[in-house]
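All chains should be built: construct the whole structure from the sequences, respecting the hints.
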Amino acid sequence: MPEYLATVRSTRNSDAPAHLYLLEGELSSDDLQRLTSELLHDPVVQEVDWFSLAELGEQASSVVGRRSRSLRWPSSPV
Amino acid sequence: MTDNEAESIKIGAGRLGINRLRTVKTLRRYLLDGLEQHDSTLAGLYNPLIQTMLHTRSDAAAAIDERTAFYHDLLCPPAETAPVIERVALLEASEEELLRISQAGILSLDLDEMRAIQVYFRQEEREPTDGELETLAQTWSEHCSHKTFKARVRYRADQRPKTMDESWPKPLERYPAYQMLSQDSEIDSLIKTFLMAATHQIVHDPSFVIGRSSFVLSAFVDNAGIVAFGAAHEVSIKVETHNHPSALEPFGGANTGVGGVIRDVMGVSALPIANTDVLCFGPLDLPEDAQSPGVLHPRRIASGVVAGVRDYGNKLGIPTVNGAVLYDRGYTANPLVFCGTVGLAPRGKHPHNLQPGDAVVVLGGRTGRDGIHGATFSSAELTHTTASDVGSAVQIGDPITEKKVLDVLLQARDAGLYSAITDCGAGGLSSAVGEMGEATGARVALDDVPLKYAGLQPWEIWLSEAQERMVLAVPPANLDALLALCASEDVEATVIGQFTGDGRLTVTHGDRTVVDLAMAFMHKGIPQRTLEAVWTTDDRPPTTDHRQEKRQTVVGSQSSVVEALKALLAHPNIASKAAIIRTYDHEIRGGTIVKPLVGANCDGPGDAAVLQPLRSTTLGLALGCGINPRYGQIDPYWMALACVDEALRNVVAVGGDPRQTVILDNFCWGDPRQPDRMAGLTRAAAGCYDAALAFGTPFVSGKDSLNNEYRDVKGARTPIPPTLLITALAYVPDVRRAVTMDLKEPGNAVYLVGETRDELRGGHILDFGLPISDRSSPKSKIQNPKSTVPKVDLETAPKIMTAIHTAITAGLVRACHDLSEGGLGVAAAEMAIAGVLGLRLDLSATPRTPGLDDDATLLFAESPSRFLVELRPADAPAFEAALAGLPCARIGEVTAAVELIIGGAAGGAALQADVAELKMAWQGTTVV
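Top line first, the protein sequences correspond to chains A and B. In case it helps, the numbering used here puts the first sequence at residues -19 to 58. In case it helps, the numbering used here puts the second sequence at residues 423 to 1350.
Careful: at least some of the hints might be erroneous.
To be verified - In silico contact screen, one side only, chain B against chain A (beta carbon under 10 Å); selected entries:
#1 I431
#2 A435
#3 G439
#4 I440
#5 N441
#6 L443
#7 T445
#8 K447
#9 L449
#10 R450
#11 D455
#12 R489
#13 L496
#14 L497
Note that these hints are calculated values from the structure, not bench results. Note that this is a predicted model, so its numbers are computed, not measured. Positions of the beta carbon are idealized from the N, C-alpha and C atoms, including for glycine.
What follows is the structure, given as structure tokens:
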């Protein structure tokens, strides 16, 4: 079953405690976009990124220490 | 165990049309700078009972693998396990083995109880299952059966000469229970002899002068006490404790304590309309090195408990309108969390009509492995290993689910869909179904119980104290309607069995029997305990917190009454609790007439809350409390009287009718098997009896929490201070006449009602040593053998309460405040602070015992049954007429200058202080 990690951070302070969500299920890209944008984060004060857990190493190493407001799509098809 | 946020996300996803989201887990990530990988600070950042933690260096390549494995583990579902029903070898067990079985299973059963179970199963000619032993342990637990309060008590009186006649020249017939305990006695059940007896006499005895048979509708029977409210409604009230869970996991413990007592009120088919919460913590500035192993620091407990109380009440939309917070070193390992709820229902809509054939329906939250052994765990003392031994006893709350359950129940009640109802609290389904089916019998199929996750053993499903569940008895004809109603409100409801007529409790899992017990044995088979109680008068001053020495240095050296008053105002027990109160929503529902904080700037300490439950009538309710464990460390009998008196003072001060008041008792004590603790408990119950009869205030509900002791690594035991909370609920005839404690208008007269006596023992001023003013005796009263613990004059006190109420009802009173912790000095300062006005008082005019002229004693003694009252000068004659024959004197006036000026008993000035400075002291203490 595909697994994803979504990370929600404050837009003003990237060092503030972040909310992490582990999601498991046969989710489409559209599902993930709606979940994160409509349910898991408030775009006014927070930013979100996510990736497939299988690619955590690759994706996380490129994210660590970097602020991003862009939505990040899993590189592998879901 | 339970991740409410994750469950909400799954529901939200479903509403977005995303139905393929199978599992969600929520986490928090903290970036910490400056810590080493194995810094011990990390261990303090989470509670391993309910949380799991991974800490890695953010820049380490290996950390990625650790994190990935950690996330995979979290998402991995619990392993499916085959249900196992074990037989426990009991029939041939020796006494040592019986005790070992009890201890190993966290059953908290003593040898007599284990023997009774052994005899029962010998008659049954089989070994018990694990589920049967667990069921009996739960049913016979202190929490569920109150076996200490039902025990036979062999009381041994203090053999030293009695001093009551010398020090207390009041008619002894007002103190029958006190007289009873002046000699050795054998008491058959404290609850029957004292608490229920008092209620029975007041409610049912036609010779009792007050008589209010139509007022009390249910006492000591239902999940909550019930009294009439107006012609068509009834009000219910219950106060519970959640002490042991709050010691282990403060947020969850307090959170589910609130949720549990709300369900008690739902269990009498009522709408919860207000909460009250009284909290006792260790000192917040306790040095880190003074912490005992396995014990959370009081700061962490206090902040977690307050957050837990706030979370449940606010989310459920119930105002938290009343409470108190106390601090004492004795509560460091064993904090106390009292949670109370008031409910409102149409009169007579709560059914008691369960019939064989009715379905057993469980609705609300799902069952998980949370709260296992909660009922039996509360019968054990805490130790340094408790968290690891019984961490599973911690429950997780979910107020949103409870709100949905409430919405369903009110509709089901009005539609008459159920024949009986109870909450699923301590002991889980075992307790709920076992109690509901006591008179009939019940059969339950555990495989039908909805679970949060797989892997639970049958006995765990049966005993789980997973929250937000109610059990209903539903006639077959109403079942479809109830299930449809639940579905329409998104509340899960499941038929798990049926009430039978066979008098047995039968629980199955698949085709196997988990429990098969006679209801009669479950509920009547527990042997009555015999407990020894040995009372010796203790002349030691009560223990005070560790800061006493420091404070004496700071305050005593200045020898100043003003400094002493400031120190008292800053005392954690007295200081402003606004930092806590303001986190609670006390306005929601729009019926809170007198709020916890009152006055010109809404920051004065209100005596009690006044509620207007129905918009259609100005009839209201006053909700207040009384608690003073400091007196309990001297003599619990006088503590009990003082607590009842204080609770009544508080509700009377805001407009409550003392003749239309009911009270509730909550005893929190140490180990009742220790004769000194049991003697104190007996004396407190006796005090409740004498006070209830004298004031004419019946008990309608009560609860005890015993074994509040900490046993350290070496086996040394530390009990909590003997603690009794009395909660009072009074009618307010007209909420428009409700009174607050803040001063209202310069030029108004100020009266002191009630007698001040040389009663300094247990007083807060003793934490600092008495201030030595010019006109005070240089000899400290601490050494004065005549200074006693505050004693309630049961002849005069009821008359004072009634007279004050008469004056308030007549509209004569502009402000009224009871004198409690810190005495007259603190009460006067608080009224001035709240009203942003001044006071000029004269101690020489105070009603007092002859010969008492010491300014400090007159200012700071905590003699009970006293009020400070503001009224317009024109109303003085009518007020004096209402108080005729009672200790009452005009002692000063309200001033526009915001100063507190108090003249000494022998003339001159005893105290002059800027109220703004007093306010700074009062608001300057950290309370959470």
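Taking the hints in turn, this is what the structure says about them:
1. I431: Holds - the Cβ of I431(B) comes within 10 Å of chain A, reaching about 6 Å at its closest.
2. A435: Holds - the Cβ of A435(B) comes within 10 Å of chain A, reaching about 6 Å at its closest.
3. G439: holds (8 Å)
4. I440: Holds - the Cβ of I440(B) comes within 10 Å of chain A, reaching about 5 Å at its closest.
5. N441: holds (9 Å)
6. L443: With Cβ-Cβ at 4 Å, under 10 Å, it holds.
7. T445: It holds, given that the least Cβ distance between T445(B) and chain A is near 4 Å, below 10 Å.
8. K447: Holds, because the Cβ-Cβ distance from K447(B) to chain A comes to roughly 4 Å (cut-off 10 Å).
9. L449: holds (4 Å)
10. R450: This interface hint holds because 5 Å falls under the 10 Å limit.
11. D455: holds (8 Å)
12. R489: holds (7 Å)
13. L496: Since the shortest Cβ distance to chain A is 6 Å, the answer is holds.
14. L497: Holds, about 5 Å.
In this structure, none of the earlier numbered hints is contradicted; all agree with it.
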